[in-house]
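S.K.: Take a look at the letters that make up each chain.
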Amino acid sequence: MLGIVGILPYSDIPVMVEKPILTEESCLIVKNRKIPIERGTSALIASAMKVLKWFEKNDHILCFLVGDIGKGEGSKALYQYLSKFLDEDPVSNLIEVFVFHYILPDVDGLIRVLMSLENLTRKPFLIADAGFMYVVKMAGYSNFFDLFTPDVGELAFLADEKAPHPFYTRGFLLAEEDQIETLIERAYKYHNLPQYVFVKAKKDRVVQNGKIIYKIEEPFVPALEAIGGTGDTLTGIVSALIYCGYPPDEACRASAILNRLSGCLAKVDPSTQIDKIIQFIPEALEIYELNQNVA
Amino acid sequence: MKRLKTYLKKWLSMSPKKEKLNSRALLIFENTSEVIKAENILKKEGYKVMVVGPPPQIRKGCDLAIQISIIESAGILNLLEKRKIKPLEFLPLSDDQTLRPVELFHIKDFGDYLMVRAANIKLTVEKRTLKIVNISGGGCPDVPYLASLLIGKTLNDAPFIKEFAHTLCGYALALAYQKAKELLCLE
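Protein sequences appear in the order of chains A and B.
The numbering used here puts the first residue of the first sequence at 1, with every later residue one more than the last.
The numbering used here puts the first residue of the second sequence at 1001, with every later residue one more than the last.
Hints in this document: simulated from the structure, not taken from any laboratory.
Since the model is a prediction, treat every value here as computed from it, not as a measurement.
Keep in mind that a hint or two might mislead.
What the hints assert, rightly or not - To be clear about the criterion: a stretch of chain B counts as covered by chain A if any three or more of its residues have a C-beta under 8 Å from a C-beta of chain A, and this derived list gives those stretches:
| id | region |
| --- | --- |
| 1 | 1026–1038 |
| 2 | 1106–1114 |
| 3 | 1140–1147 |
Glycine residues also receive a C-beta, built at the ideal position from the N, C-alpha and C atoms.
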């Protein structure tokens, strides 16, 4: 099972554990409620589900969700619920890949979840992005995880051992494309990177044990930088590929290409919304697999 | 009892490896009664805060300050503003120095669109119509919600977003919006 943890931008959604339904009208249905696919955890879920469907593992997904518009009550409830679920529900031992996404960073909440993850029969492959990645770094547990997917600004945050949040990286750590190698080195030196890192940038980098193993820059679709949710779809695609058996380094490389290819096929401009790009993930997979077979 | 000891041992071993100082900030006030008022308001709303003595080099006004979570600072400051309590100063903390925000704004021109980046948040506007067309970046829960309030609105009729920001990501989005307005809206 692929587990996904995150918040939805509504104040009235209680904590729930569900297998969503992905509709053709760019919606998720979760407990009979239609959730539009937009930037955030809904985009991650939808893109993961497109990949799972391609590999005929449609229902191999379990989502831990709550509504939170930033005040944090939902996030706090989610940390507590998740910890309890992992401790008590035998289904938790079926989760092989676990993705942790948007949430209000809270170190105490995180520690409880990590303790519960440690108690599982088999530790899942752990992926963190967004607010969850921030709190994992803040608490000093980056190497408990297996994969982070930061953008360049977030990489600067990981590289600054004193920064509590990407808003407060110190001035000497520039969040610029040409500083990526330096930032990776520094983040690794201060133990703020897991074994694998995917750096989302103009030239994506796949990092293993602090070393760049792949750089992906094609297809180059400049507008993707402006489009909200393209980082979320990247994380969704890579999570699903790892779950479907891709080795993590290959999953990262493939997801970079697939994310860019989907954007290319969707003929995006800076005003394109993420649900349009997600529609093209299956076509991107077809093209990608065809190219792999020819190669 | 044995189970409890095992649990506690595990809990202690899993405590945060790094000092949490870096994730906190201080609010400095004019006098003690403001500190007390602010403390009461914040605790009533469920925020975890602590009254502390500020370090000597940053003592201003009374000798008490309130220590807050830096992540929740936007929401906390908004709440105090609504209750008409204004701190003299907001000071993010680190081990040896006061933190400063990242160099705030980067601008990217896409021809028909302008993208403004503030810290980790990017806001894109269609130049001709001034419509906010996209928001990307961030990781805190208020960003997707704030984005839903802004997308499709113009810079002139978008809601006053700072009021709805609860986290640093939300605050960065408010800054990006403000900058875009400065650049594109002519008086």
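S.K.: Look at each hint and say if it fits the structure.
M.R.: Hints, verified against the model:
1. 1026–1038: Check failed, 0 qualifying residues.
2. 1106–1114: That given contact holds, which follows from 4 residues of the region 1106–1114 of chain B lying within Cβ reach (below 8 Å) of chain A.
3. 1140–1147: Since 8 is at least three, the answer is holds.
Consistency note: the structure conflicts with earlier hint 1 alone.
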